[in-house]
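Participant: Chains as they are written, first to last, in our numbering: chain A, 1 to 270; chain B, 1 to 270; chain C, 1 to 270; chain D, 1 to 270.
A few of these clues could be false.
Heads up, simulated DSS-like pairs for lysine-lysine below, C-alpha to C-alpha not over 27 Å straight-line [to be verified]: (1) D:K172 with D:K50; (2) A:K50 with B:K169; (3) D:K143 with C:K172; (4) C:K194 with C:K143; (5) C:K50 with D:K169; (6) B:K194 with B:K50; (7) A:K143 with A:K194; (8) D:K194 with D:K143; (9) A:K143 with D:K143; (10) B:K143 with C:K143; (11) D:K50 with C:K169; (12) A:K50 with A:K172; (13) B:K50 with A:K169; (14) D:K50 with C:K50; (15) B:K194 with B:K143; (16) B:K172 with A:K50; (17) A:K50 with B:K50; (18) D:K172 with C:K50; (19) A:K169 with A:K50; (20) C:K172 with C:K50; (21) B:K194 with A:K172; (22) B:K169 with B:K50; (23) C:K50 with C:K169; (24) D:K50 with D:K169.
Some chain A residues well away from chain C (every beta-carbon gap over 10 Å; in silico) [claimed, not checked]: (25) G48; (26) E49; (27) P53; (28) P86; (29) A95; (30) I104; (31) D119; (32) S125; (33) R133; (34) A156; (35) G174; (36) R176; (37) Q179.
Bear in mind the hints are in silico, worked out from the structure with no lab data behind them. Cβ atoms here follow ideal geometry from the backbone N, Cα and C, with glycine treated the same way.
Protein chains: 4
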Amino acid sequence: MKIGKATLPRTAISTSNAERIVVRGADLCDALIGHVSFGDYFWFLLTGEKPGPAASAVLNATLVAIAEHGLVPSVQAARMTLAAAPDAMQGAVAAGVLGSGSVILGASETAGRFFDEIDRAAGPSGDLAAAARDAVARLRAAKQAIPGYGHPLHKARDPRVARLFEVSKAAKGGQRFVQIAEAVEGVIPDVVGKDLRLNVSAAIPAVLLGVGFPLNALKGVPMLARTASLIAHLSEELTDPIGFALSYQAVREQEYTGAVPAGFVPGHGA
Amino acid sequence: MKIGKATLPRTAISTSNAERIVVRGADLCDALIGHVSFGDYFWFLLTGEKPGPAASAVLNATLVAIAEHGLVPSVQAARMTLAAAPDAMQGAVAAGVLGSGSVILGASETAGRFFDEIDRAAGPSGDLAAAARDAVARLRAAKQAIPGYGHPLHKARDPRVARLFEVSKAAKGGQRFVQIAEAVEGVIPDVVGKDLRLNVSAAIPAVLLGVGFPLNALKGVPMLARTASLIAHLSEELTDPIGFALSYQAVREQEYTGAVPAGFVPGHGA
Amino acid sequence: MKIGKATLPRTAISTSNAERIVVRGADLCDALIGHVSFGDYFWFLLTGEKPGPAASAVLNATLVAIAEHGLVPSVQAARMTLAAAPDAMQGAVAAGVLGSGSVILGASETAGRFFDEIDRAAGPSGDLAAAARDAVARLRAAKQAIPGYGHPLHKARDPRVARLFEVSKAAKGGQRFVQIAEAVEGVIPDVVGKDLRLNVSAAIPAVLLGVGFPLNALKGVPMLARTASLIAHLSEELTDPIGFALSYQAVREQEYTGAVPAGFVPGHGA
Amino acid sequence: MKIGKATLPRTAISTSNAERIVVRGADLCDALIGHVSFGDYFWFLLTGEKPGPAASAVLNATLVAIAEHGLVPSVQAARMTLAAAPDAMQGAVAAGVLGSGSVILGASETAGRFFDEIDRAAGPSGDLAAAARDAVARLRAAKQAIPGYGHPLHKARDPRVARLFEVSKAAKGGQRFVQIAEAVEGVIPDVVGKDLRLNVSAAIPAVLLGVGFPLNALKGVPMLARTASLIAHLSEELTDPIGFALSYQAVREQEYTGAVPAGFVPGHGA
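Same shape as in the complex, but just chain A (with noise of 0.2 Å):
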């Protein structure tokens, strides 16, 4: 790495002296603290600006909506690692929190961007539909999932989505990408060949990107929603503890497929 200027490191978001925190430009205790919530904040955090009604309504939405869906296996993981390591609650955390990844969580940016893409395709007056089957057709062709469209669970429509349109509706938060994800489940039969419908992780950044929420955060909205609910689940753990009751629950009824040495009598596995 050169020495010299380039490196010495920079940021935007906050800066203090011995007797005051500034934060993205405001004084933190006079202006922040007792004056807007933490869903709000995060957005400030983010973009140097309070929300607006409309972006306060649609973020706070997004982040209860993803927040808590029961034992899902990044709860589980989180659960098992505080049985094991009860003093690290970080660590706890941590576990829960890798858990957000392309395949889970990470659809919320994944479909954001796909959504992103039909926006520019079919620019300002374009037709949004062709451009929905184009991309739709582009994910087929490299053998890509869609993402944001399916759920293992919520066959139909998973419940979220129309709430989370309501409330963007009702907020009069922009509605373009609503109308694209929109367009997208509407091309998925015929192009697909599947009745693939809107998940939850599709809604998110099609509401967010109505309330100008960055791109390059969208991942950020899960994580930061599914840190509140491992917090109490692990929480729960510490007086109502299931960890090892999961462990033991999962590999019950284990198979081992490998050799085994000679008078080997198998027992339980793990």
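Keeping the supplied structure of chain A fixed, place chains B, C and D upon it in accordance with the hints.
Facilitator: Showing chains B, C and D alone in chain A's frame:
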């Protein structure tokens, strides 16, 4: 582990069927999305009740207060991690969350437990100053630090402390634990011999316990708050990377204190 | 933090220039690569000395003994994490490593510190049984578990214990801490009232401390060992995925113990 | 997820009963502990076979080569994390492991896949130079870096490269992928227009693929190796802490590029 009923995992947080998701007894879509802010939902996830106005004001204020404080070590670790693994934002968030340990952000919980002890020792009509003195003296005798007092940068009281206390008073939050926190501050010079002022890690439990926030989830407040900040920093890192610059600066003047083989000419060590 | 010399980072582990990399005083390319096995290099990294034959035999034996034990909770957490985030193997490894906590693999270090106390309490010519009795009684009085004794599956002594002791004797490793470990086992029935046998977490420090392995790195032995196993499981996960199956099984019979809204028909909860 | 046989977790790595632990078909206590070194056991865990002499020599050499290179970013992240959470060494190791991403240590796997493509494109009797030229040109056209070539510090070939190649030849490991790696190096100046030399991330797969190491576990080699180094650094951190010093140095000259409120006097920013 015994096989049987006792090993079935139980949770009181969430359940669902194909049409509905239930969180803490409420229908997620009907009663929560669009009806509750994210900060308040965190309280609901933890306790099963929506927070009253005082609890909401105080919890949101603490989350805002502790979220961001510049390029602190956990933000550095997260930004370095993203620089090395830009495709895995969850890994960078996790690396940052892992810095919420006993020394740094964990002090909120330790301070909360300390105040809780003083509260119970003093009893409803007892002498807080005397209980505080005993408790501080006990820590001193065990050569332990007083959790939540003193700050490397803010020698006077951290400015966030006064602001959190103001918010708590204005919202009519319970003042018992604020009084305990100040009682501890009052006896420290005498018992410890140094003038260590209340820092934000003590102010957080002081105001939160006064509105009924659960003691065993206190550690979760800085963790959730910092996750918001980590996401903002990682979003900045994606567009204005400093991860490697931080790392370069960190060791620019490092010293190697070990042996070297014959003929080795020292270079830059990293 | 004070500015000045004291804040310069120092390390005795490694330095380099453009042509050479020095580790613990040795030239990495000339003296280490191709000259030392990975297990022995771990010792060298920790201590700056190559292990003698006894230390090498014992360290490698402990690493082999503790690396793999099937689909244990941390392996489950890692495989679930990879299923969710298949592009980020490092995240799945990290999730598994986070399960090396005080309850599970951390017992090696706790047991080691416990044996070290007994060693120092007994002194060179002292009565190990008496010192062990005192130490066990002290833990009992504090209602703490005896670290490294008892196992949910192996009610008799874990088979790895005898094997590690054999290896230690055959390699002529020091037997002092093996004697201490057995002295503890001997007094447990009387002091604790249960016949808890030495498990592998006690056997590991018993043989390692006898060859001079550093006490404060004991926790690292199961962590390094398990990392090898995690990588093998994640390599299997990439070709024969079970991450979601584990998660499905874990909650197949889960029970929701909270309230539900009017008219809610229970379904599968996840 | 479908309910039924398909959801039963299967593994071919390990099983056990109350008396015996089986790993890859072998009895852990009878056949492995004390009979196989840790480096060789890693191979056995991955493949189910003990490595032959060439495979053992090459694998151990690569693990030693890549384990330690001073206070690199992931070591800094780990040491900062331990400073903040000294009770949770597993968290600090995990933070360090999370730095094994696509940009840093993941290049070993990317380079391995690249060599594998060239191998298959050239076929048994084909022209390696031509296949290498095509492959490099394809990456260039896609504006992608050549994985495993170039190094910020070692402008000439990284010294570990020659040493690993020597070990591979001395051990009579297969040279096919070494030839491929050198063919790539040979065409780079012409195709890329820069003289990027083989670095250690290319040398590792070059020698490992020649002894039959599984392609999909390549990423595991630097991760396992670095875990050994992380534990050594964290052990040093416990006795000679520099975590906060690293963090202080990293931001000593930081620049804040955002706005400030009226009257704010800049201080040290962290």
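Participant: Taking the hints in turn, state whether each one holds.
Facilitator: Now the hints, each set against the structure:
Between K172 (chain D) and K50 (chain D), the direct Cα distance comes to roughly 17 Å. Compliance with the 27 Å bound is thereby established for this hinted pair. Distance restraint check for K50 (chain A) and K169 (chain B): the Cα-Cα separation of roughly 25 Å lies within the 27 Å cut-off, and the hinted pair is therefore satisfied. Our distance criterion of 27 Å between C-alpha atoms is broken by K143 (chain D) and K172 (chain C), whose separation comes to about 59 Å. Between the alpha carbons of K194 (chain C) and K143 (chain C) the distance comes to roughly 14 Å, so the proposed pair stays at or under 27 Å and holds.
As the CA atoms of K50 (chain C) and K169 (chain D) are separated by approximately 25 Å, the hinted pair is consistent with the 27 Å bound. Among the hinted pairs, K194 (chain B) with K50 (chain B) is inconsistent with the structure: their alpha-carbon atoms are about 42 Å apart, more than 27 Å. Note on K143 (chain A) and K194 (chain A): the hinted pairing holds, with a Cα-Cα distance of about 14 Å set against a maximum of 27 Å. Between K194 (chain D) and K143 (chain D), the direct Cα distance comes to roughly 14 Å. Compliance with the 27 Å bound is thereby established for this hinted pair.
A threshold of 27 Å between alpha carbons decides the hint, and for K143 (chain A) with K143 (chain D) the separation of about 23 Å falls inside it, so the pair holds. For the hint pairing K143 (chain B) with K143 (chain C), the CA-to-CA distance comes to about 23 Å; that is within 27 Å, so the pair holds. Among the hinted pairs, K50 (chain D) with K169 (chain C) is consistent with the structure: their alpha-carbon atoms are about 25 Å apart, no more than 27 Å. For the hint linking K50 (chain A) to K172 (chain A), the alpha-carbon distance of about 17 Å falls within 27 Å, and the restraint holds.
About 25 Å separates the Cα atoms of K50 (chain B) and K169 (chain A), which keeps this hinted pair within 27 Å; it holds. For the hint pairing K50 (chain D) with K50 (chain C), the CA-to-CA distance comes to about 25 Å; that is within 27 Å, so the pair holds. Between K194 (chain B) and K143 (chain B) the alpha-carbon distance is near 14 Å, which keeps this suggested pair within the 27 Å criterion. Taking the CA atoms of K172 (chain B) and K50 (chain A), the gap is about 26 Å. The hint holds against a cut of 27 Å.
For a cut-off of 27 Å, the pair hint linking K50 (chain A) to K50 (chain B) stands: about 25 Å separates their Cα positions. A distance of roughly 26 Å separates the Cα atoms of K172 (chain D) and K50 (chain C); the hinted pair therefore holds under the 27 Å criterion. Taking the CA atoms of K169 (chain A) and K50 (chain A), the gap is near 20 Å; set against the 27 Å cutoff, the hint holds. At most 27 Å may separate the alpha-carbon atoms for a hinted pair to count; K172 (chain C) and K50 (chain C) meet this at roughly 17 Å.
With a C-alpha separation of about 56 Å, the suggested pair K194 (chain B) and K172 (chain A) falls outside the 27 Å cut-off, and the hint is violated. A distance of roughly 20 Å separates the Cα atoms of K169 (chain B) and K50 (chain B); the hinted pair therefore holds under the 27 Å criterion. For the suggested pair K50 (chain C) and K169 (chain C), the alpha carbons sit about 20 Å apart, so the restraint of at most 27 Å is met. Between the alpha carbons of K50 (chain D) and K169 (chain D) the distance comes to roughly 20 Å, so the proposed pair stays at or under 27 Å and holds.
For G48 (chain A), the non-interface assignment is confirmed: its Cβ lies about 29 Å from the closest Cβ of chain C, beyond the 10 Å cut-off. Separation of E49 (chain A) from chain C is adequate, the least Cβ-Cβ distance of about 32 Å exceeding the 10 Å criterion. No Cβ of chain C comes within 10 Å of the Cβ of P53 (chain A); the nearest lies about 28 Å off, and the non-interface call holds. Listed as a non-interface residue, P86 (chain A) fails to keep its Cβ farther than 10 Å from every Cβ of chain C; the least gap is roughly 6 Å.
Under the 10 Å C-beta cut-off, the non-interface status given to A95 (chain A) relative to chain C is violated; the minimum distance is some 4 Å. Against chain C, the non-interface label of I104 (chain A) is violated: not every CB pair exceeds 10 Å, the least being about 4 Å. Separation of D119 (chain A) from chain C is adequate, the least Cβ-Cβ distance of about 26 Å exceeding the 10 Å criterion. The Cβ of S125 (chain A) sits about 37 Å from the closest Cβ of chain C, beyond the 10 Å cut-off, so the non-interface label holds.
For R133 (chain A), the condition that its CB be more than 10 Å from all CB atoms of chain C holds, with the nearest at approximately 28 Å. Distance to chain C confirms A156 (chain A) as a non-interface residue, since its nearest Cβ pair spans about 13 Å, more than 10 Å. Here G174 (chain A) stays apart from chain C, with its beta-carbon at least about 31 Å from theirs, past the 10 Å limit. Listed as outside the interface, R176 (chain A) is consistent with that label: its C-beta sits roughly 30 Å from the nearest C-beta of chain C, beyond the 10 Å cut-off.
Q179 (chain A), annotated as away from the interface, keeps every beta carbon of chain C farther than 10 Å; the closest lies near 30 Å.
In summary, the numbered hints that this structure violates are 3, 6, 21, 28, 29 and 30.
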